[in-house]
Amino acid sequence: MTEQIGPRALIVEGGAMRGVFSCGILDRFLAENFSPFDSFWGVSAGASNLAAYLAQMPKRNLRIYTDYSLRKEFLSPWRWLRGHDFMDLDWMWRITLKELGIDKAALAADPRPFFLGVTRQDTGEAAYLCPDVDALAETMKASSALPILYRNGVQLAQHRYVDGGISDAIPVAKAIAQGATQIMVLRSRPASYRKSANQAPQLMRHLLRKTPALITPMLTRHERYNQTIELMQQPPAGVTIVEICPPEDFPLERLSQKRSPLEQGYDMGYACGQMAMEQWQQLVEQQAKQQA
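Per the working numbering, residue 6 is the first one in the sequence shown, and the count goes up by one each step.
What the hints contain is simulated information worked out from the structure, not anything from laboratory work. The structure presented is a predicted model; accordingly, all values stated were derived computationally and were not measured. Backbone N, C-alpha and C define an ideal beta-carbon position, used for all residues, glycine too. Each hint should be verified, as a subset may be incorrect.
[Stated by the list, open to error] Label pairs and their computed distance ranges (CB to CB):
no., residue 1, residue 2, range
1, A113, Q286, 26 to 36 angstroms
2, P256, D72, 13 to 23 angstroms
3, P217, C135, 27 to 37 angstroms
4, Y198, A276, 16 to 26 angstroms
5, K200, S265, 26 to 36 angstroms
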């Protein structure tokens, strides 16, 4: 899908367990019936959070973060050492779709495009898929399929895909290219964060030897990430961006496995949801004055 998408876009960064922050924000949006956007862009955990938001299922993903993600079936270093997946996305998707479901009727009733950021395994290039409701679950899985931790990626149509954060963690440039001028970005890192270069490039090359097209994107992802931060801070003329970040003392790491900090992260996000709505309203009013 390459057509123009309308001016107002909501973009949600991934970050595995750190995504509980945007989960809280989006649940606050649902509580306030706040959805003034023309398009939605999610990567990895951000895509899953957006799916719950568009399905109008508050606290669905909070249960995933604070229950299913903490079960021994999901993360296992011993399983990984035996040649299997460290992160069992197949189990996660199977059990949560069975026990929590996803409201396909609500998703299908919303005509606004929902783009999921993924990375083609055979080229390392970013792709932005806008699946129908029947293909959404597998596309969400693909967007979260971290190489090395989930070994084989996810087959969608004729291509195999992995985590979208490898090629484009925060697809602001893509949204702008397709016509977005009023953008809200929900981050999973504090505002001061900048991604560092990989500290073990030879190990990375070894671990990715079976998917060589992913080596360069994995080793250069910090460059693209930091360029996106610069873009958000200095957007093109006519583009305004509201960036909502966790506090500098945000307690979570990518694979945090303690319930209390996850609940705390969700509560932080829920509280920040009010600020996000207020900042969005200020943005709209400011642009209206400029156009008057």
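The hints, checked one at a time:
1. A113 with Q286: 26 to 36 angstroms: holds, 29 angstroms
2. P256 with D72: 13 to 23 angstroms: holds, 19 angstroms
3. P217 with C135: 27 to 37 angstroms: Holds, since P217 and C135 (Cβ atoms, about 29 angstroms apart) stay within the stated range.
4. Y198 with A276: 16 to 26 angstroms: holds, 20 angstroms
5. K200 with S265: 26 to 36 angstroms: holds, 27 angstroms
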